[in-house]
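Protein chains: 2
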Amino acid sequence: MKFVCDGLSLSEAVTKTSKACAVRTTAPIMECVKLTAKSDEVVLLATDGELSIRKTVKAEVFEEGEVCVTGKLLSDFLTKLSEEEITIRTGDRGMEIGYRDASSFLQTLPAEEFPAISFDVGENYFVMKQGALKKVIGETVFCCAQDDSRPILKGCLFEFKERLEVTALDGYRLALSSAELLSHNAEKSIICPARTLVEISRMLGDDEKEITVYTQGGNLLVNAEGTTIVSRLYQGEFIRKENVIPPSFLTEVTLPRLELISSVERAAILIRGDKNNLVTLEAGADDVKIRSNSDVGNVFESVPAHVNGKDLIISMNAKYLLDGLRALSEEECVLSFNSAISPFILQNKDNKESLYLILPVRNAQ
Amino acid sequence: MKFVCDGLSLSEAVTKTSKACAVRTTAPIMECVKLTAKSDEVVLLATDGELSIRKTVKAEVFEEGEVCVTGKLLSDFLTKLSEEEITIRTGDRGMEIGYRDASSFLQTLPAEEFPAISFDVGENYFVMKQGALKKVIGETVFCCAQDDSRPILKGCLFEFKERLEVTALDGYRLALSSAELLSHNAEKSIICPARTLVEISRMLGDDEKEITVYTQGGNLLVNAEGTTIVSRLYQGEFIRKENVIPPSFLTEVTLPRLELISSVERAAILIRGDKNNLVTLEAGADDVKIRSNSDVGNVFESVPAHVNGKDLIISMNAKYLLDGLRALSEEECVLSFNSAISPFILQNKDNKESLYLILPVRNAQ
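Going line by line, the protein sequences match chains V and E. In this text, residue positions in the first sequence follow the numbering used here: the first is 4, and each later residue adds one. In this text, residue positions in the second sequence follow the numbering used here: the first is 4, and each later residue adds one.
The following block holds chain V by itself, in its conformation from the complex:
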C-alpha cells in the first residue's frame, strides 16, 4: 500500500474515526483503525463490535492495499504533524509515515484480522431535520443508565408514531422528548445505544438539512457530512413509559427555572459528601422552599412560584433535579407532583415536547 494525501485531512478523519475504537481491550485489533487505499481515496474504518465509524479521505494512491494501526497512536501522531503532504507506505517495518525528509514507523496488524462490518442499507428508514435529531438526543441521552445491571437501559427507545418519541431511563429518572418526522418506513420502535447517539449527534452539521437513518435486522446506519456510522441496536423489552408517567397530578408549580437552578446548586454544595445527595422542596401558597441539611450546615431558601393544588413536601437527589432543570429551555418551568412518594415531572411551561420524571426519596429528616 502506498498513498500521498493532505496531512490535515487525514489527521481529522483518523481522529473522528478512532472514536469508535475499543479501549482497554484484550484484542489489540479492536483498538485499530483499518486504512484501505483504493482508486483515488483512503477509507478509514474503526469498530468496537457495537459502534463502527467510517470516513473517506481523498488521496493519490500509488499502490492499493489495506492495513490496521492503533487508532489512538495514529491520531495522536498525526495531530502533532501539521504537514500539507504526507506519504503513507507499508513495508517490513510496519506503516511508514513520510513527511519532509523524515519518516517514522508505526507497528501494524494484518487487515485480515479486522472484523467485517456490513454497510448494507436496509428497507426501513426515517427522515428528519438534523437539528431535530440533535435535539431529541441531547434532551434524553444523559438519563441513560451508566452501569451494566440492565444493559438495555444503556440505550434510548425511539418510537415511530405521528412524531418520533425518544425515551431514556435509568431506574431513578426518565427523560422523554419528541420531534417531527419528515417521512418514515420504520419498525415500530428501536433501542439505540447511548454511545452511538452521542457520536451521531457529533456528526450532525447544518440543523436545517435532512438526515436519513436506516434500520434493519438489529442494525442502524446513518451517513452525514462524509461520515458513516453503523451500530448494533439493543434487542428486548423497554419499560413502557405509559406505565411510569402518572396520567394526572394533584399539585402543579410554575416557577422561574434559572432561579430554581441556582438555589438548588447552593443547596447541593452542602450535601455533596452525602450518599443520597438529598434536597427537599416544599410547595406552599405562593413559593417553593428549597432546603438541604448536612453535618456542615443547611440551606433554606424560597423561590416565588404559582402553586396550583395542595401543599407538598418532597425530597430528591439534587443531581437528578439539576440535570432535568438544565435540560429544559424556557424561562418558566412546571413541576407536577402527586405525593411525597410518587414520581414527579418537570416540563417547560409552554413547549411540552420534552419531559423529565424523577423518583423522589423518602427523607427521614
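By construction, these hints were calculated from the structure, which means they are not laboratory data. Quick caveat, the model's predicted, so the values are computed rather than measured. Careful, some of the hints might be misleading.
Each pair may be met inside one copy or between any two copies, as identical chains are not told apart.
Simulated pairs of lysine-lysine, BS3-like, Cα-Cα distance not exceeding 27 Å [to be verified]:
| id | residue 1 | residue 2 |
| --- | --- | --- |
| 1 | Lys132 | Lys83 |
| 2 | Lys75 | Lys292 |
| 3 | Lys322 | Lys83 |
| 4 | Lys19 | Lys292 |
| 5 | Lys278 | Lys83 |
| 6 | Lys355 | Lys212 |
| 7 | Lys322 | Lys244 |
| 8 | Lys322 | Lys75 |
| 9 | Lys83 | Lys292 |
| 10 | Lys83 | Lys352 |
| 11 | Lys212 | Lys292 |
| 12 | Lys164 | Lys292 |
| 13 | Lys5 | Lys292 |
| 14 | Lys244 | Lys164 |
| 15 | Lys157 | Lys137 |
| 16 | Lys278 | Lys75 |
| 17 | Lys355 | Lys292 |
| 18 | Lys212 | Lys22 |
| 19 | Lys75 | Lys352 |
| 20 | Lys212 | Lys41 |
Assemble chain E onto chain V, guided by the hints.
For chain E alone, kept in the frame of chain V given last:
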C-alpha cells in the same frame, strides 16, 4: 459577629484566601478560613502551617467578632451566590449567610483554635519589579522536586548577589534564572517553598510596579494588590549549582526551538507507555537527528542545526527536554554537551538569563 458587605468582593476574597487552606488533613481547623470583623472591614485568613494568605474586604460591621468556617465550603457557596449585598452573622446554629429573604447556615469552629500567624515585617528585604519576580518564578518553579524524599528540593534557592539568582532542581534536572534587584538588604540566600512561589506569582499584577519581599527568622512576607502572603522558608543546605553546571562544553548546537519541540513531541508519543520515556538526539555535521523507539513504532527525524564541536549521541527523558525547551523564549536555542553521560544544558541563543540542565540517561539500545 455581624456584618454586611458586597457578596462578589467577599466571594473573590474567600476564594483567593482559601488557596492556603490545608487539604485532606486530620485537623479540620486547618481547612478553615478565619473571618475577623473589626471597625469597617473583615479580615480573611487561611494557613496550612507553612503558607498563610490574608485578605481584607470592606464591610459595614454591626458587631465585631471572629469565627472559622471551612474555606472550600464557604468559597463554593459564595461563588454560587451572585448577590450584591449579603449579611453574615454568627449565632447558635453557626454562621448565618443572609441574602434576599433567604438564609443558610454553615457549621463553624471557634476562632481560638485557629493558629496564630505573625505578620511582623523583619529587617531584611529585597525590592524588584513585579514582572521580574514573576519571570524568575515561572522559569524555575516547575523543576522543583514533587516528592518528599529530599524536602529541601521542593523549594527554590534565591541568592542575592549583584542580581537575584534563582535555582530549582529535582535530582534529574536543574533550572536557573536571574533578574535585576532594585535594592536589597537581604540575607545571603533563602529557600522558598514552590507552593508559596506559585501563590506569590498569582498575586502579582502590574509588571512595572515595584514589589518588596521581607524575610527574617525563617519567614517571608509579601504584600501586593490587597493580599498578604506569609510563608515559612526552608532551612538547610541547597546543592551548589556551581558544582553541577559544567564550566565548559565540547559540543554546542544551535537550532530552531519550535521545530525541535514539535519533533520531540512526536517522538514522545511513541514512548509514552515506557518507563524511561527516552528520546535520543544525534548531533551531526549540520543537523540534529531525533529518534525514539518502542514496541509500537519508531520516529526518526532531523532538524537543521549549526553544530560546533565533535559529534555526539545522547539520550534523555523526553518530558525534561520538552519542559526546558518550552520554558525558553527565543526562536533559536543552544544545547551544550560534553559527552553522552555528562549533564547538558539548554539556553536561549541571545538572552542567557535562564538555563536548564538535564542529566542524560544511558541508552542500552
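The hints, checked one at a time:
| no. | hint | verdict |
| --- | --- | --- |
| 1 | Lys132 - Lys83 | neither (36 Å within a copy, 37 Å between copies) |
| 2 | Lys75 - Lys292 | between (50 Å within a copy, 25 Å between copies) |
| 3 | Lys322 - Lys83 | between (39 Å within a copy, 16 Å between copies) |
| 4 | Lys19 - Lys292 | neither (46 Å within a copy, 32 Å between copies) |
| 5 | Lys278 - Lys83 | between (43 Å within a copy, 22 Å between copies) |
| 6 | Lys355 - Lys212 | within (24 Å within a copy, 58 Å between copies) |
| 7 | Lys322 - Lys244 | within (22 Å within a copy, 54 Å between copies) |
| 8 | Lys322 - Lys75 | between (33 Å within a copy, 20 Å between copies) |
| 9 | Lys83 - Lys292 | between (53 Å within a copy, 18 Å between copies) |
| 10 | Lys83 - Lys352 | between (49 Å within a copy, 25 Å between copies) |
| 11 | Lys212 - Lys292 | neither (45 Å within a copy, 50 Å between copies) |
| 12 | Lys164 - Lys292 | neither (39 Å within a copy, 65 Å between copies) |
| 13 | Lys5 - Lys292 | between (68 Å within a copy, 25 Å between copies) |
| 14 | Lys244 - Lys164 | within (14 Å within a copy, 77 Å between copies) |
| 15 | Lys157 - Lys137 | within (18 Å within a copy, 50 Å between copies) |
| 16 | Lys278 - Lys75 | between (36 Å within a copy, 19 Å between copies) |
| 17 | Lys355 - Lys292 | within (25 Å within a copy, 64 Å between copies) |
| 18 | Lys212 - Lys22 | within (24 Å within a copy, 50 Å between copies) |
| 19 | Lys75 - Lys352 | neither (45 Å within a copy, 36 Å between copies) |
| 20 | Lys212 - Lys41 | neither (30 Å within a copy, 64 Å between copies) |
The earlier numbered hints that this structure contradicts are 1, 4, 11, 12, 19 and 20.
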